[in-house]
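Enquirer: What follows is the residue order along each chain.
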Amino acid sequence: DTAVSQTPKYLVTQMGNDKSIKCEQNLGHDTMYWYKQDSKKFLKIMFSYNNKELIINETVPNRFSPKSPDKAHLNLHINSLELGDSAVYFCASSQDLALSTDTQYFGPGTRLTVL
Amino acid sequence: KQEVTQIPAALSVPEGENLVLNCSFTDSAIYNLQWFRQDPGKGLTSLLLIQSSQREQTSGRLNASLDKSSGRSTLYIAASQPGDSATYLCAVKTSGSRLTFGEGTQLTVNP
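Chains R and H supply the protein sequences, listed in that same order. With the first letter of the first sequence counted as 1, position 36 gets the number 60 in my numbering; the numbers rise by one all the way through. With the first letter of the second sequence counted as 1, position 37 gets the number 1284 in my numbering; the numbers rise by one all the way through.
Among the hints, erroneous ones may be present.
Stated by the list, open to error - BS3-like, lysine-lysine: derived pairs with alpha carbons at most 25 Å apart:
(1) R:Lys33 to R:Lys65
(2) H:Lys1248 to R:Lys60
(3) R:Lys76 to R:Lys33
(4) R:Lys64 to H:Lys1289
As the list claims (entries may be wrong) - Which bits of chain R does chain H cover? Going by a derived footprint, with three or more residues having C-beta under 8 Å, they are:
(5) 66-73
(6) 125-137
Source of the hints: derived by calculation from the structure; they are not laboratory data. C-beta: ideal position from N, C-alpha, C; glycine also.
Using the sequences and the hints given, assemble the complete structure.
Expert: The following block contains the structure:
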């Protein structure tokens, strides 16, 4: 009965490859997010989708492309992986981003290592 | 641009001690402030959320305060336990519904 799940948990790949990370939430939330946590543990927003519509798109290389097939899923596809993409990627969801009480629920993270 | 700073970066205390973690932010136009806990290799768990109109929130041994005008928040942990060892992250929600995180305080409570 995991609220926000991500697959895979670990991903090790070579430079130049294309990979995807999947995220699913069973909380019935309208909004989903992708965050990147670098080696210094600094957590930064990458994308946010509300009802399958992109609402936040930070300064992220266009090699990163989020895809939301439905409200419960937000996948992250990364093309031409680079060494600097190595990080932990977290998916999150929240009920209604417009609410001042809106709390985000995080997945367990996907540790991506690019060799 | 909102910036969030947390002090100290790391803290080690003996079990039973009361402690305070600090968070400061540069733009006082926030919707809310949240404190999260992150255990090694795990995701984040929300601990407390303070709306911009509130001054504090309490949950068990945790108490978080917010002074929006000075751009500061504190997380008070009473009677610390080894199980409280984790990284504590402060995050503020600003316009565009973005959460801006601090770099966290790594807490170790020694038995």
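Enquirer: Work down the list of hints and note, for each, if the structure agrees.
Expert: Structure-based check of all given hints:
1. R:Lys33 to R:Lys65: 17 Å, holds
2. H:Lys1248 to R:Lys60: Since the Cα atoms of lysine 1248 of chain H and lysine 60 of chain R sit roughly 19 Å apart, the hinted pair holds (cutoff 25 Å).
3. R:Lys76 to R:Lys33: 24 Å, holds
4. R:Lys64 to H:Lys1289: Satisfied, since the Cα-Cα distance of roughly 15 Å is no more than 25 Å.
5. 66-73: holds (count 5)
6. 125-137: Since three or more residues must qualify, the claim that chain H covers the region 125-137 of chain R holds, with 9 doing so at under 8 Å.
Against the hints set out earlier in the document, no violation occurs for any number.
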